[in-house]
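Protein chains: 2
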Amino acid sequence: MAPQLEPFFKQVDDLSGSFIDRLRKAVAIPSISAQDENRKDVFRMAQFLASELEALGAEVEQRPLGKQPGKEHLDLPPVVIARYGNDKSKRTILVYGHYDVQPALKEDGWATEPFQLTVDSQGRMYGRGSTDDKGPVLGWLNVIEAHKKAGVEFPVNLLCCFEGMEEYGSEGLEEFIQAESKRFFKDTDAVCISDNYWLGTEKPCLTYGLRGCNYYSLSISGPAQDLHSGVFGGSAHEPMTDLVNILSRLVDSQGNILIPGIMDLVAPLTEEENSLYGGISYTMENLHESLGSETSIHATKERTLMARWRYPSLSIHGVEGAYSAPGAKTVIPAKVIGKFSIRTVPNMESEDVNRLVFDYIKSEFAKLNSKNTLDVWLQHDGKWWVASPKHWNFTAASKAVKQVFGVEPDMTREGGSIPVTLSFEQATGKNVLLLPMGSSTDAAHSVNEKLDKRNYIEGIKLLGAYLHYVAEEPMSL
Amino acid sequence: MAPQLEPFFKQVDDLSGSFIDRLRKAVAIPSISAQDENRKDVFRMAQFLASELEALGAEVEQRPLGKQPGKEHLDLPPVVIARYGNDKSKRTILVYGHYDVQPALKEDGWATEPFQLTVDSQGRMYGRGSTDDKGPVLGWLNVIEAHKKAGVEFPVNLLCCFEGMEEYGSEGLEEFIQAESKRFFKDTDAVCISDNYWLGTEKPCLTYGLRGCNYYSLSISGPAQDLHSGVFGGSAHEPMTDLVNILSRLVDSQGNILIPGIMDLVAPLTEEENSLYGGISYTMENLHESLGSETSIHATKERTLMARWRYPSLSIHGVEGAYSAPGAKTVIPAKVIGKFSIRTVPNMESEDVNRLVFDYIKSEFAKLNSKNTLDVWLQHDGKWWVASPKHWNFTAASKAVKQVFGVEPDMTREGGSIPVTLSFEQATGKNVLLLPMGSSTDAAHSVNEKLDKRNYIEGIKLLGAYLHYVAEEPMSL
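Each protein sequence line maps, in turn, to chains A and B.
Each residue of the first sequence is one higher than the one before, starting from 1 at the first, in full-length UniProt numbering.
Each residue of the second sequence is one higher than the one before, starting from 1 at the first, in full-length UniProt numbering.
If you are wondering where the hints come from, they were derived from the structure by calculation, not from laboratory data.
Using N, Cα and C, we set each Cβ at its ideal position, and we do this for glycine too.
Check the hints yourself; a few may be wrong.
Stated by the list, open to error - As a list, the in silico DSS-like pairs of lysine-lysine whose alpha-carbon atoms are at most 27 Å apart:
#1 A:Lys301 <-> B:Lys371
#2 B:Lys329 <-> A:Lys67
#3 B:Lys367 <-> A:Lys367
#4 A:Lys90 <-> A:Lys390
#5 A:Lys182 <-> A:Lys383
#6 B:Lys329 <-> A:Lys106
#7 B:Lys10 <-> B:Lys402
#8 B:Lys90 <-> B:Lys182
#9 B:Lys402 <-> B:Lys149
#10 A:Lys301 <-> B:Lys367
#11 B:Lys71 <-> A:Lys329
#12 B:Lys383 <-> A:Lys329
#13 B:Lys40 <-> B:Lys71
#14 B:Lys106 <-> A:Lys371
#15 B:Lys148 <-> A:Lys329
#16 A:Lys383 <-> B:Lys329
#17 B:Lys106 <-> A:Lys329
#18 B:Lys67 <-> A:Lys329
#19 A:Lys453 <-> A:Lys10
#20 A:Lys71 <-> B:Lys329
#21 B:Lys329 <-> A:Lys329
#22 A:Lys367 <-> B:Lys186
#23 A:Lys362 <-> B:Lys329
What the hints assert, rightly or not - Calculated from the model, a selection of chain B residues having no Cβ within reach of chain A, i.e. all distances over 10 Å:
#24 Asn86
#25 Asp108
#26 Trp110
#27 Pro268
#28 Glu273
The shape of chain A in the complex, shown without the other chains (with noise of 0.2 Å):
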């Protein structure tokens, strides 16, 4: 029995303005987290966050997390933690957001002051963090709000976690979340975070997968300092010769990786997945104007979200080490360090990719006859993720998606990390969604970032009703 959410839906559209608003007064602070300077405003951020909450009713505390790592003068912004509701009978659904945003300077070319929340005619919401991650904390405030007005009972209890370093690193994220596992977070029976953006601009999406990412430094050295090229061109071996040379040898145009055994590693494409593709809500155009160019690889839809959900790839992100300035320098660098990463899917274990990539590359060194040193070393490693999408914390954002939008949402994955993701799962063992507000165009991170009205105000409804569909669905996986 679907749930009745006229009442709900209706108080969302009387207080849209209201909601409008309240973006525009988180907008308008500038809670930058990676300028020193800002640190203030994302510490002001929490404030208004906690404050909100306080005021709609919710158990609020602004958890300190010590001084930030490096940078002893600053402490890390809180994580503003939030209990709405604690009936037993009741599901308890912890959701996660990010209340600090990406820097922004009108110079850089946005079309108006960015932090300065401006609606044009078509109803797109400019401003940093509008998209990113405001509007979907903000959301859930807004649910809150929308069903105390229209007094109907909230359907679950309401986990909060809102964190205010997500755009350097997540700081001291990773601790807290294991450390309150058995205390805050103990009662969640599932996850939802908001924080990326449906495949496209017409059609919401549900995520139920992330990539891993496998980071590689290969260093190359040689003589004990920089050589003069006129003088040393030709007699000593280069550092920079053979770093081309090996970083040639682990993936050829096409984006096939020649490391031996990688993609043995991939788990098999089967049916059942292979039909999934052609129904997703996404086109080659889409790539085309994503990349603002047509360099793609492949010729289909299909193939190209294949590529960047279910399959590796390796990217050659630069060097460290060799001149990297507009102009001419004429030096042989003595050392130089390449830098790339493999992105890692099912079922590609990090131990066994990082064996294969150190094997592989001192092997082709070996053959180059080279007598500079070679290293090669893991940076870091974060493990992809796939959840159940037959879940009940899906089957029931899924109707949710069909109420409020009329149509089922595609079921995607994503090319790129969330850390977060695999850390609530580990911490809770619950199933984690991801429920994306924005769309595919909002620019997250760039110039002129925005979030439309009809997907805040729209995804204001869905992230109510998939509480009213989890207080309802049977258990299941």
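We have chain A already, so just place chain B on it with the hints.
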């Protein structure tokens, strides 16, 4: 008949203390051409030189070169030109040096104050500019003074051309040399430049060749902006992948240039030339000491010297546009520019080299089947230079070395470029000799730059003796 040099030599020994004082005064003026705040010191150094030359009886001019291009608030330092002697019956020798120096800070690792000449117990005279190039420049002044005080007739007419921007690209000098080719420089019979170094530490050398340099940029671009490697890795052609692939096809780890046709442009090794390398005072240990490692390509000194002097080499200097900082950034750069240069030798013509480079890179790129866009262009070129070491200019210098040091000099070439060499050769149409004063361990451009007292004082005798032998040599090619 050998000139009677004893009175001159004795006078140099007698004046050695005052010659070292003259160097001390010059080193004390921080004439750093690359730093705006030191421009006044560069002018001060020009004035010091001009005054000293005038006091010795030379006709001196400080010739302005106008404003510094791109830094219009700065005047370029003057070229100090001087004529000493105007006797039509004598040969006229043009000498070049520079009075500006590289930057230096005690904090960089200097054991002594860089702008305070400090002589240690082994006669090593430490100070910025001691060997590069104030010692050699003052050498000519000291030669004049010793002749005057010894009452020995000066054997030639001397033209001095001392510039103040050598360490910053010799701004304005090329135009000045061209403009004065038929005026101040018109009587020149031969040119002598003292601005390079002995191959080792014991044996003087005369340098008759330099490699040229063609510097290239190779750009590959694809998407309109940098991409998230999680989202787009595997579905878009990555410019960095294509770039390392192309760069890896230019040169192998043994220094072999892989561009077809390049080696066909190189002048064949004659029996006569081949026989020269064995006698050069140089060892593999010298090379390993300079490298600070044993990462040499060739097994013998002969092959090493050939690689440095008479064969081309290709060095990859770096990548512009990719991630170059320490740490881990996962972006796919949208546009990357590889920088590489080819050291050129006889008979490589720049246009032929360019054509081979461009054709090869374009055809290799086509093989990649990438949708990215390639561009490759020459940033700048400078021609190789080889003089005739049998010219009387070299014969005179060779006899002077034998007279002062008791050994035949090594006849050497260099792997690097000294562009002014070619400028003087072209402007005067006369033979140019590179006659170094300092040794290979002088650390020009580095911390703890020094000039050995022996190299300075015996070097003054060498410069003077050279002028006497020049006056006696019969005409030759």
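Evaluated hints:
In summary, the hint linking A:Lys301 to B:Lys371 is supported, as the alpha carbons are separated by about 17 Å, within the 27 Å threshold. Restraint check for B:Lys329 and A:Lys67: the C-alpha separation of about 24 Å stays at or below 27 Å, so the hint holds. The straight-line distance between the Cα atoms of B:Lys367 and A:Lys367 is roughly 24 Å, inside the 27 Å bound, and the hint therefore holds. Between A:Lys90 and A:Lys390 the alpha-carbon distance is near 21 Å, which keeps this suggested pair within the 27 Å criterion.
A C-alpha spacing of about 23 Å is found between A:Lys182 and A:Lys383, which places the hinted pair at or below 27 Å, so the restraint holds. With a C-alpha separation of about 25 Å, the suggested pair B:Lys329 and A:Lys106 falls inside the 27 Å cut-off, and the hint holds. At roughly 17 Å between alpha-carbon atoms, B:Lys10 and B:Lys402 fall within 27 Å of each other, so this suggested pair holds. Straight-line distance between C-alpha atoms of B:Lys90 and B:Lys182 comes to about 19 Å, which keeps the hinted pair within the 27 Å bound.
Only pairs whose Cα atoms come within 27 Å are accepted, and B:Lys402 paired with B:Lys149 is accepted, the gap being roughly 25 Å. For the given pair, A:Lys301 sits about 25 Å from B:Lys367 by alpha-carbon distance, which is consistent with the 27 Å threshold. Distance check on the hinted pair: B:Lys71 and A:Lys329 sit about 20 Å apart at the alpha-carbon level, within 27 Å; holds. At roughly 17 Å between alpha-carbon atoms, B:Lys383 and A:Lys329 fall within 27 Å of each other, so this suggested pair holds.
The straight-line distance between the Cα atoms of B:Lys40 and B:Lys71 is roughly 15 Å, inside the 27 Å bound, and the hint therefore holds. Annotation: proposed proximity of B:Lys106 to A:Lys371 is violated, straight-line Cα distance about 35 Å (limit 27 Å). Between B:Lys148 and A:Lys329 the CA atoms are separated by roughly 45 Å; this puts the pair beyond 27 Å, and the hint is violated. Restraint check for A:Lys383 and B:Lys329: the C-alpha separation of about 17 Å stays at or below 27 Å, so the hint holds.
Distance check on the hinted pair: B:Lys106 and A:Lys329 sit about 25 Å apart at the alpha-carbon level, within 27 Å; holds. Restraint check: the Cα-Cα separation between B:Lys67 and A:Lys329 comes to about 24 Å, which is no more than 27 Å; the hinted pair holds. This hinted pair checks out: A:Lys453 and A:Lys10 have alpha carbons roughly 16 Å apart, not beyond 27 Å. About 20 Å separates the Cα atoms of A:Lys71 and B:Lys329, which keeps this hinted pair within 27 Å; it holds.
Of the supplied pair hints, the one linking B:Lys329 and A:Lys329 holds, its CA atoms being roughly 25 Å apart against a limit of 27 Å. Between A:Lys367 and B:Lys186 the CA atoms are separated by roughly 58 Å; this puts the pair beyond 27 Å, and the hint is violated. Annotation: proposed proximity of A:Lys362 to B:Lys329 holds, straight-line Cα distance about 24 Å (limit 27 Å). The non-interface label for B:Asn86 is consistent with chain A: the shortest C-beta to C-beta separation is roughly 38 Å, beyond 10 Å.
The claim that B:Asp108 is not at the interface with chain A holds, since no C-beta of that chain comes within 10 Å of its own (minimum 13 Å). No Cβ of chain A comes within 10 Å of the Cβ of B:Trp110; the nearest lies about 16 Å off, and the non-interface call holds. Its beta-carbon lying about 17 Å from the closest one in chain A, B:Pro268 satisfies the requirement of being farther than 10 Å from that chain. Under the 10 Å C-beta cut-off, the non-interface status given to B:Glu273 relative to chain A holds; the minimum distance is some 17 Å.
The structure is inconsistent with the numbered hints 14, 15, 22, although it conforms to all the rest.
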